[in-house]
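**Student:** Make a model of the complete structure from these sequences and hints.
Each chain is listed here by its residues.
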Amino acid sequence: MAVVEQVRFSIFSQQEILELQNDVIQLEDLAERKDVAEQKIQQSDLAKRGGIFAPNELDATLPSAITKKQGNALISRVDESKLANSVKSTDKTSAAPFVRSTPFKEIKNDIDLLKEGQRKTSDALSFLTNFQGTAFTKLIGAGSNFLPVGFALSIATTVFALIRSQFGAGGIFDIRKRELDSVKSLIGLERETDIIGGDTLFLGNPTLVQGIAKNQTSNTENLRDGQRRFVLRSNGY
Amino acid sequence: MSNVISSSQDVMKLLFNLTRFEMQYPRFIEESARQIIDQEILQPIKNAMRTFGYSEKIIDGTFIDNLFVDENGFIQFDVVSDYKSELGFDVAKAREKGTKRHFIKAVTKVALSWVSSNIRLFSKGHWVKGFTKSNIIKKTTETQFPIAQERIIQESVIFFNRMVVG
Numbered sequence: 001m002a003v004v005e006q007v008r009f010s011i012f013s014q015q016e017i018l019e020l021q022n023d024v025i026q027l028e029d030l031a032e033r034k035d036v037a038e039q040k041i042q043q044s045d046l047a048k049r050g051g052i053f054a055p056n057e058l059d060a061t062l063p064s065a066i067t068k069k070q071g072n073a074l075i076s077r078v079d080e081s082k083l084a085n086s087v088k089s090t091d092k093t094s095a096a097p098f099v100r101s102t103p104f105k106e107i108k109n110d111i112d113l114l115k116e117g118q119r120k121t122s123d124a125l126s127f128l129t130n131f132q133g134t135a136f137t138k139l140i141g142a143g144s145n146f147l148p149v150g151f152a153l154s155i156a157t158t159v160f161a162l163i164r165s166q167f168g169a170g171g172i173f174d175i176r177k178r179e180l181d182s183v184k185s186l187i188g189l190e191r192e193t194d195i196i197g198g199d200t201l202f203l204g205n206p207t208l209v210q211g212i213a214k215n216q217t218s219n220t221e222n223l224r225d226g227q228r229r230f231v232l233r234s235n236g237y
Numbered sequence: 001m002s003n004v005i006s007s008s009q010d011v012m013k014l015l016f017n018l019t020r021f022e023m024q025y026p027r028f029i030e031e032s033a034r035q036i037i038d039q040e041i042l043q044p045i046k047n048a049m050r051t052f053g054y055s056e057k058i059i060d061g062t063f064i065d066n067l068f069v070d071e072n073g074f075i076q077f078d079v080v081s082d083y084k085s086e087l088g089f090d091v092a093k094a095r096e097k098g099t100k101r102h103f104i105k106a107v108t109k110v111a112l113s114w115v116s117s118n119i120r121l122f123s124k125g126h127w128v129k130g131f132t133k134s135n136i137i138k139k140t141t142e143t144q145f146p147i148a149q150e151r152i153i154q155e156s157v158i159f160f161n162r163m164v165v166g
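Just so you know, the protein sequences line up as chains A and B, in that order. Quick note: the first sequence, position 69, residue 69 per our numbering, numbers continuous. Quick note: the second sequence, position 150, residue 150 per our numbering, numbers continuous.
Watch out, some of these pointers could steer you wrong.
Said to hold, decoys possible - Derived Cβ-Cβ restraints for the label pairs, each shown as a range: (1) A:Arg8 - B:Trp127: 33 to 43 Å; (2) B:Asn161 - A:Met1: 40 to 50 Å; (3) A:Ala2 - B:Asn161: 35 to 45 Å; (4) A:Ser13 - B:Pro146: 13 to 23 Å; (5) B:Ala106 - A:Ala2: 20 to 30 Å; (6) A:Ala2 - B:Arg162: 30 to 40 Å.
Just so you know, these hints were derived from the structure itself, not from any lab. Each residue gets a CB set at the ideal place from its N, CA and C atoms; glycine is no exception.
**Tutor:** In structure tokens form, the structure reads like this:
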């Protein structure tokens with residue numbers, strides 16, 4: 001029985017990281033309220049009139065129809081509906097249902113399908129690839145429009161867990177498999193092909209080398225010297 | 001990530017950074033801790049063994065084993081010292097924990113033989129006094145523990161700042 005001394009060091013625990021994430025989620029409320037407030041300020045009558053420092057003559061001189069048109073030009077109907085939705089989400093007494101924006105629903109459906117194993121591996125790969133490109137952009141893009149961070153966290157955690165699992169043994173991103181293939185197919189086969197094809201030569205005569213002649217040495221050196229000797233002898237030297 | 005959270009988009013980014021940190025932290029801390037443990041625990045143990053005149057075979061047989069990161073926020077590992085004689089006597093344990101006075105006798109040869117004061121002596125068997133326990137592994141681990149723990153915390157904080165705060 002060998003000498004064994006057990007040691008244990010403290011590091012960040014999963015629980016601590018989770019608590020940090022929960023703290024961040026609590027920030028969501030504050031950030032959302034700030035965004036709503038900014039939207040409200042932008043849409044207020046005061047803002048439409050150009051702020052508190054705008055000249056008051058505008059109201060007096062222009063007809064009300066033109067003033068309304070100016071107001072409509074400053075804010076679109078899409079923005080208005082987004083604001084309405086956000087107000088509904090915070091108003092618990094409202095009877096009208098709050099409808100979330102569609103990108104989240106799409107992503108969540110995709111993840112649910114993946115989790116239930118209803119997709120094939122190739123589909124999963126294409127989803128994971130597209131998630132980086134399109135859905136991820138949607139997620140980030142929609143973040144400016146009152147993104148529910150808790151919901152995004154659940155998506156991010158699930159997707160990252162899926163990607164992480166695909167890096168494991170037998171997964172579609174399993175790197176070890178590729179390394180083994182490369183060792184077997186590229187290095188060994190390439191060398192063997194070069195030898196069989198004559199690109200790599202094993203010769204006893206060191207003057208017979210491949211490629212461009214260096215130091216005035218080539219594999220036709222003997223022929224060249226023989227031809228020179230023949231010419232010289234023919235000329236009587 | 002800026003230090004000021006000014007919109008829900010900043011919150012999102014912070015959250016993604018935290019998730020990324022959560023994913024990469026276990027692998028990072030395992031690699032990092034392996035280096036720190038080697039520098040702050042294993043090497044001092046081996047140095048102390050050399051100072052106490054341990055044989056190189058015992059020193060070479062001392063290593064870190066079973067290192068793993070658990071989900072409760074701990075890195076666990078064993079400091080193992082394992083060297084047995086040809087007959088199976090646990091030399092490493094004898095040096096670390098000590099031995100009582102005991103009888104030795106020849107097992108594979110006819111008699112025991114050794115040289116003392118330029119005279120070769122033989123014995124069919126005799127009593128020897130035991131080793132005094134050195135407890136090098138236990139003592140050095142206890143001494144070096146706070147240093148290694150401090151370094152692991154520092155590395156964790158640096159990694160957190162790099163991944164989350166930016």
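**Student:** Are the hints correct? Go through all of them and say.
**Tutor:** Results for each hint:
1. The supplied range of 33 to 43 Å is met by Arg8 of chain A and Trp127 of chain B, whose beta-carbon atoms lie about 41 Å from each other.
2. The hinted window of 40 to 50 Å between Asn161 of chain B and Met1 of chain A holds, with their beta carbons roughly 44 Å apart.
3. The hinted range of 35 to 45 Å is satisfied by Ala2 of chain A and Asn161 of chain B, whose Cβ atoms lie roughly 40 Å apart.
4. Between Ser13 of chain A and Pro146 of chain B the Cβ separation comes to about 20 Å, which falls inside the hinted range of 13 to 23 Å.
5. For the hinted restraint 20 to 30 Å between Ala106 of chain B and Ala2 of chain A, the CB-CB distance of approximately 26 Å keeps it satisfied.
6. Take Ala2 of chain A and Arg162 of chain B: their Cβ atoms lie about 39 Å apart, and the range 30 to 40 Å holds.
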